[in-house]
Amino acid sequence: MSKTITLDGKTIPFEDGQTIMQAATAAGVYIPHLCHHPEFTPHGSCKLCTVKVNGRNCSACTFPAAEGQDVLNNTQELTDDRKKITQMLFVEGNHFCPSCEKSGNCQLQAVAYHLNMLDDHFPLFYPHREMDASHPDVLIDHNRCIFCTLCVRASREHDGKDVFAISGRGINKHLIVNSESGQLKDTDLDMHDKAAHICPTGAILIKRTGYQVPIGQRIYDHHEIDEVSLLTEQHHGE
Amino acid sequence: MKPFIQDLAAQHGHQATHLLAMLRAVQARFHYIPEQAIGQLAGLLSIPRTQIIGVAEFYSFFHLQPRGQYELLVSDSVTDHMLGKHQLMGYLAEKLKVTVGGVRGDGMVSLDNTSCTGLCDQGPAGLVNGRALTRLDVTKIDLIAGLIDQQKPLEQWPAELFQVADNIYQPGLLLGQPIAYGSALEATFKRGLQETLAEITQSGLRGRGGAGYTTGWKWHLCYEGPEEDAFCDIDAQKKPQRYVICNADEGEPGTFKDRVLLNRYADQVFEGMTVCASIIGAEQGFLYLRGEYLFLYDKLQTVLQQRRDAGLLGTNILGQGFDFDIEICLGAGAYICGEESALIESLEGKMGIPRNRPPYPVTQGYLGKPTVVNNVETFLAAAAIAVHGGGWFSGIGTEKSKGTKILSISGDCARPGIYEYPFGTTIQTILDGCGADDVLGVQIGGPSGTFISNQEFHRKLAFEDLATGGSFIIFNNSRNILDIVNNFTHFFAHESCGFCTPCRVGTSLLKKQLDKIVEGHGSAGDVVALEELCRLVKNHSHCGLGQTAANPIITTLERYPELYQAQLKKISYEPGFDLDAALETARRMANRNDAAAHLAQVGEDHE
Ligand SMILES: Cc1cc2nc3c(=O)[nH]c(=O)nc-3n(C[C@H](O)[C@H](O)[C@H](O)COP(=O)(O)O)c2cc1C
Ligand code: SF4
Ligand code: SF4
Ligand code: FES
Chain A
1 MSKTITLDGK TIPFEDGQTI MQAATAAGVY IPHLCHHPEF TPHGSCKLCT
51 VKVNGRNCSA CTFPAAEGQD VLNNTQELTD DRKKITQMLF VEGNHFCPSC
101 EKSGNCQLQA VAYHLNMLDD HFPLFYPHRE MDASHPDVLI DHNRCIFCTL
151 CVRASREHDG KDVFAISGRG INKHLIVNSE SGQLKDTDLD MHDKAAHICP
201 TGAILIKRTG YQVPIGQRIY DHHEIDEVSL LTEQHHGE
Chain B
1 MKPFIQDLAA QHGHQATHLL AMLRAVQARF HYIPEQAIGQ LAGLLSIPRT
51 QIIGVAEFYS FFHLQPRGQY ELLVSDSVTD HMLGKHQLMG YLAEKLKVTV
101 GGVRGDGMVS LDNTSCTGLC DQGPAGLVNG RALTRLDVTK IDLIAGLIDQ
151 QKPLEQWPAE LFQVADNIYQ PGLLLGQPIA YGSALEATFK RGLQETLAEI
201 TQSGLRGRGG AGYTTGWKWH LCYEGPEEDA FCDIDAQKKP QRYVICNADE
251 GEPGTFKDRV LLNRYADQVF EGMTVCASII GAEQGFLYLR GEYLFLYDKL
301 QTVLQQRRDA GLLGTNILGQ GFDFDIEICL GAGAYICGEE SALIESLEGK
351 MGIPRNRPPY PVTQGYLGKP TVVNNVETFL AAAAIAVHGG GWFSGIGTEK
401 SKGTKILSIS GDCARPGIYE YPFGTTIQTI LDGCGADDVL GVQIGGPSGT
451 FISNQEFHRK LAFEDLATGG SFIIFNNSRN ILDIVNNFTH FFAHESCGFC
501 TPCRVGTSLL KKQLDKIVEG HGSAGDVVAL EELCRLVKNH SHCGLGQTAA
551 NPIITTLERY PELYQAQLKK ISYEPGFDLD AALETARRMA NRNDAAAHLA
601 QVGEDHE
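Residue numbers (my numbering), protein chains in the order written: chain A, 1 to 238; chain B, 1 to 607.
FYI, nobody ran anything at the bench for these hints, they're computed from the structure.
One should not assume that every hint holds.
[To be verified] Far from chain A by the CB rule (all over 10 Å, computed), these chain B residues:
no. : residue
1   : Asp149
2   : Gln156
3   : Gln163
4   : Gln305
5   : Trp392
6   : Glu399
7   : Ala414
8   : Lys569
9   : Asp594
[What the hints assert, rightly or not] Cross-link-like lysine to any residue pairs, in silico, SDA-like; alpha carbons within 20 Å at most:
no. : chain 1 : residue 1 : chain 2 : residue 2
10  : B       : Lys511    : A       : His121
11  : A       : Lys52     : B       : Glu532
12  : B       : Lys350    : B       : Ala21
13  : B       : Lys512    : A       : Ile171
14  : A       : Lys173    : B       : Leu64
15  : A       : Lys173    : B       : Glu345
16  : B       : Lys569    : B       : Ala581
17  : B       : Lys512    : B       : Lys538
18  : A       : Lys185    : B       : Gly39
19  : B       : Lys512    : A       : Asp120
20  : B       : Lys299    : B       : Ala25
21  : B       : Lys2      : A       : Glu180
22  : B       : Lys2      : B       : Gly39
23  : B       : Lys538    : A       : Thr75
24  : A       : Lys194    : A       : Pro136
25  : B       : Lys350    : A       : Thr41
26  : A       : Lys52     : B       : Arg535
27  : B       : Lys460    : B       : Ile396
28  : B       : Lys460    : B       : Ala211
29  : B       : Lys152    : B       : Met108
[What the hints assert, rightly or not] Residues from chain A that face chain B, not an exhaustive set, calculated with beta carbons under 8 Å:
no. : residue
30  : Gly44
31  : Cys46
32  : Lys47
33  : Pro64
34  : Ile85
35  : Phe122
36  : Pro123
37  : Ala165
38  : Ser167
39  : Gly168
40  : Arg169
This structure is a prediction, so every number in the text was calculated from the model and none was measured.
Glycine included, each C-beta is placed from N, C-alpha and C at the ideal position.
Make a model of the complete structure from these sequences and hints.
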């Protein structure tokens, strides 16, 4: 008999070594997330995937599923808190969605819709951040980085390179690249690298592909992120 | 520079785990981490340059831009402020002709703030090129300014500037009777390893670093190792590599007892570590010493060498065929490195970012191996328990808190310093003991702990009532609570490692929101918004730093809600900024200053 946990009152199976996120995804339940990606080592930093396990807040993407867990995911309280955490991500950077090439394909934006986020709620930080347009094919817009480290992990774990890293402490965190000049053009990043395509926001973009798909016809213009996420991530658990 | 870096890397065996030590040396030599050093070290250590930049930008004591030949830092602890730090800083800046945060034009001196340096009983305190300065005053500043102008090397500065006192006022069970050299190890081998572990467990000793985990259990879990090895006896467990780490990061503002323990009782602390190593089967130990305690480094190395010479450390300890040695690693200015998994990351030569748990360090710690991390005082107590037995310790204290607690007392009292009290002692007794009167409140356990008011002095020192890692800061009735809370809240925002959203963004938002209220720009909804933010940061942060960062606000808001309300204006919404001032640039550009070019803030009257 397979082992089980309860997720919002429903019994779902899990295998040893699976996280709560993996078990939920396999069972067709969406847990909001941004820094999690089924192909890479979990990071546990955005805290969007916070669930209540036997009454305690845990990150679903890193917390191992275990027999007897009573997990709460889709509650009003958690949804409210996740919305505020998303708002935090918005105010610490500069996210001008209407003028962003990623609009409609952006997971940050999509998760905000999903959580019914209607305003910024918190005061905006308006940090001063740069762009790096030095690379012939790939652009970094630091204004939109949410420090999820997906590019870092994709470069290291998939591409076998170490192009990206997160540096700095606290609110001064920032993305850096691995070259003497500090510029993307001097790294060994290739536009076909996984790291160039993994960014959940518009912080890393492929040049000259802008607006190929018109706004209004993009992924999250027609589908909610829970639907898209389950569709693309479910088979990874198998 | 090239040969310097080459030698440095060679001295450290080209081990990337020693990155902090190497960067400390580079910073000391060049007063910053030059670009060439980064490139060269990356090559020599075979690590990406981004790791070096990451580390250099993470720790407060490293800089990518040149600092002064004399890097002066002044402690920003609330106790230093109570001792007139603000005026002193102004005087320093004026005297040295340098701005706070800046470097003087000739590159000779730089000045800045730093988090609590662990000298709250002898502040205002500071650091010059990493060396601790105590009891700063105008006379000493004049002296220092003169020495800098003459470019006198630090070794030639008068010793009185660097004098650090122990100030032990109340020794108890532990401080009153230090163990004889080697006696804990002898007793351990005589009694048996498993039997000694049983004594540690029976003593009821709980970790002294704050969290209060039962020490015997922690050691047990570590030697037990992975599940498949469980239930074997101790000797069979000796094969896998294990580590013992002594946490001497002591970053909680107001705590300085570990400094005194290492200055006065280092042998007993090292002996406690060695006892632990013998029980769990570790061959390597580390003392993670906060960078601020650099002045203890040489002395501690000497103590270690003497222990090796006496057969109490190194190979074949006491002829028992047991090998164990201890290495001292210095931090570089990061409170978060006191958190055990961040500490381990730091020991591995990385940024101090707390790991995801599980796995816990007892199963996967340093280099992924089972590791015990304990506080300095925990090892000190463990050594004494190994000698005297568990009953000797558990006979004192309360039901859930056995033994005594060593306190670092600072703030408004006649005799700030070190006090050891049995658990269960009332706060009033402690206040009487150090000569504190006219008390407004006490911050127990540092900023991450609890602020108690003068209506609560009957409460007790104990894990089940008022827990503390040792910080005990007293405020008299002349102090302003919101100033204190402000200082603490800024501390957390400065020390957040930035890994997780709720703490990285939340501590900055807390700071902004509190500033808004304290500066009189708050309106009716703002205290509610502050409370909501506190709850978010507390409930969703990844580690103890974020989970406690709102405590200063939460614990004072609970006790003095009227203080916060009194700061609010009577209107229902107030922008966080000064409307009229924000128009200044526009006025200048338009060359206007007539009445219509000004905006009045709505409803100015305070309650
Ligand atoms: C932000 C933070 C800072 C900490 N700082 C220290 C410290 O300076 N010293 C310490 O012993 N423990 C500190 N701790 C607790 C450690 O994580 C760990 O629990 C402790 O070292 C275990 O030792 P103990 O069981 O002997 O208390 C800190 C924890 C957090 C979350
Ligand atoms: S650039 Fe994109 S993928 Fe990389 S850390 Fe920032 S948000 Fe994440
Ligand atoms: S709670 Fe703060 S210190 Fe801890 S991991 Fe998160 S950002 Fe870092
Ligand atoms: S998805 Fe789990 S913390 Fe980001």
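Hint check:
no., hint, in the structure
1, Asp149, "34 Å, holds"
2, Gln156, "35 Å, holds"
3, Gln163, "32 Å, holds"
4, Gln305, "35 Å, holds"
5, Trp392, "37 Å, holds"
6, Glu399, "25 Å, holds"
7, Ala414, "38 Å, holds"
8, Lys569, "17 Å, holds"
9, Asp594, "29 Å, holds"
10, Lys511(B) / His121(A), "16 Å, holds"
11, Lys52(A) / Glu532(B), "19 Å, holds"
12, Lys350(B) / Ala21(B), "11 Å, holds"
13, Lys512(B) / Ile171(A), "13 Å, holds"
14, Lys173(A) / Leu64(B), "15 Å, holds"
15, Lys173(A) / Glu345(B), "18 Å, holds"
16, Lys569(B) / Ala581(B), "19 Å, holds"
17, Lys512(B) / Lys538(B), "17 Å, holds"
18, Lys185(A) / Gly39(B), "18 Å, holds"
19, Lys512(B) / Asp120(A), "15 Å, holds"
20, Lys299(B) / Ala25(B), "19 Å, holds"
21, Lys2(B) / Glu180(A), "17 Å, holds"
22, Lys2(B) / Gly39(B), "11 Å, holds"
23, Lys538(B) / Thr75(A), "19 Å, holds"
24, Lys194(A) / Pro136(A), "17 Å, holds"
25, Lys350(B) / Thr41(A), "18 Å, holds"
26, Lys52(A) / Arg535(B), "15 Å, holds"
27, Lys460(B) / Ile396(B), "14 Å, holds"
28, Lys460(B) / Ala211(B), "17 Å, holds"
29, Lys152(B) / Met108(B), "11 Å, holds"
30, Gly44, "5 Å, holds"
31, Cys46, "5 Å, holds"
32, Lys47, "5 Å, holds"
33, Pro64, "7 Å, holds"
34, Ile85, "5 Å, holds"
35, Phe122, "6 Å, holds"
36, Pro123, "5 Å, holds"
37, Ala165, "4 Å, holds"
38, Ser167, "4 Å, holds"
39, Gly168, "5 Å, holds"
40, Arg169, "5 Å, holds"
Consistency note: the structure conflicts with none of the earlier hints.
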